[in-house]
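Protein chains in written order, with my numbering: chain A, 1 to 113; chain B, 1 to 116.
Any given hint might turn out to be false.
[Said to hold, decoys possible] Listed next, the in silico BS3-like pairs over lysine-lysine satisfying Cα-Cα at most 30 Å (straight line):
1) A/K11 with B/K108
2) B/K49 with B/K61
3) B/K108 with B/K49
4) B/K108 with B/K68
5) A/K78 with B/K108
6) B/K68 with B/K111
7) B/K68 with B/K49
8) A/K71 with A/K11
9) A/K78 with A/K15
10) B/K115 with B/K49
11) B/K111 with A/K11
12) B/K115 with B/K61
13) A/K62 with A/K11
14) B/K108 with A/K62
15) A/K62 with A/K16
16) B/K108 with A/K16
17) B/K108 with A/K15
18) A/K15 with A/K62
Just so you know, the hints here were simulated from the structure itself, not pulled from any lab data.
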Amino acid sequence: EAGVVQSPRYKIIEKKQPVAFWCNPISGHNTLYWYLQNLGQGPELLIRYENEEAVDDSQLPKDRFSAERLKGVDSTLKIQPAELGDSAVYLCASSFNRDSEQFFGPGTRLTVL
Amino acid sequence: AQSVTQPDIHITVSEGASLELRCNYSYGATPYLFWYVQSPGQGLQLLLKYFSGDTLVQGIKGFEAEFKRSQSSFNLRKPSVHWSDAAEYFCAVGPNYGGSQGNLIFGKGTKLSVKP
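Looking at chain B on its own, in the form it has when it is part of the complex:
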């Protein structure tokens, strides 16, 4: 069965420090991969996505993610965290039906806190 695991429920980093949020997926083939961010009281916003090609994907707000097929991982990174990055982050997978995207399956999320 398809699934997404985000091992860290809550992470706290200092402002200016680097960040890595982990995501592992279980799927029979290469899926489409996404990272979303959700601020309190807001809907989800797409940070970046991987469909194919270069395994290092650049997104908005200075985020990037790397797809590692051998590890079934799609970890999100940012070199220097800003206080405004405090939010909840969701990894999602979408089945790749020969180029057509299926329904998204979300992980449980990682809450990021940023300390001054």
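Same shape as in the complex, but just chain A:
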């Protein structure tokens, strides 16, 4: 069974450019998470979806970050415009429901120049 798929794995952009990350969760998992992991830090939750509904986006910087999960399956996280401080690893995770084990994807490493 395939795990959580993320693409791209690496992305290098110049500041002020837009960027998008894609995540495909494990089949049947209703809950999807996006985390930000800065160098030398643990993951920090950006947003959690229950099916297509964003139920917790309190940590998402809404001035430049947006996310969607239109059909309750795969999800896209966007940054527009990117800033130097956005350089980090963006992790996606999914779980059957909010009380189940979270399975993490390999992440997208973003470098903003």
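Dock chain B against chain A, hints included.
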């Protein structure tokens, strides 16, 4: 405020030696507790979790952890480390909302190096 502290940024142990990684948490009630491992270029993998009951929890890959309420600690242990255990280890807490798990809060991680 809820928080997780992993006091050791980097630990080096010899292969075959025992290992203990420390984790302390700050939370008003008994949270759910987790240990994850992250190998380079990989996502996080759950090693073990504590929800309730027996305070000594067994996990995968020969790891175990002990919940000590009096010390607000959830230290991870392994009796004999293998070279493949070299990775970064994260402790996390999840609020216990009457049996329902809240969002996870992660520590900053401990990087484990294993020398031959």
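Hints versus structure:
{"no.": "1", "hint": "A/K11 with B/K108", "in the structure": "holds, 24 Å"}
{"no.": "2", "hint": "B/K49 with B/K61", "in the structure": "holds, 14 Å"}
{"no.": "3", "hint": "B/K108 with B/K49", "in the structure": "holds, 18 Å"}
{"no.": "4", "hint": "B/K108 with B/K68", "in the structure": "holds, 20 Å"}
{"no.": "5", "hint": "A/K78 with B/K108", "in the structure": "holds, 25 Å"}
{"no.": "6", "hint": "B/K68 with B/K111", "in the structure": "holds, 23 Å"}
{"no.": "7", "hint": "B/K68 with B/K49", "in the structure": "holds, 14 Å"}
{"no.": "8", "hint": "A/K71 with A/K11", "in the structure": "holds, 26 Å"}
{"no.": "9", "hint": "A/K78 with A/K15", "in the structure": "holds, 14 Å"}
{"no.": "10", "hint": "B/K115 with B/K49", "in the structure": "holds, 28 Å"}
{"no.": "11", "hint": "B/K111 with A/K11", "in the structure": "holds, 25 Å"}
{"no.": "12", "hint": "B/K115 with B/K61", "in the structure": "holds, 19 Å"}
{"no.": "13", "hint": "A/K62 with A/K11", "in the structure": "holds, 21 Å"}
{"no.": "14", "hint": "B/K108 with A/K62", "in the structure": "holds, 25 Å"}
{"no.": "15", "hint": "A/K62 with A/K16", "in the structure": "holds, 16 Å"}
{"no.": "16", "hint": "B/K108 with A/K16", "in the structure": "holds, 29 Å"}
{"no.": "17", "hint": "B/K108 with A/K15", "in the structure": "holds, 27 Å"}
{"no.": "18", "hint": "A/K15 with A/K62", "in the structure": "holds, 18 Å"}
Hint compliance for this structure: every hint is met.
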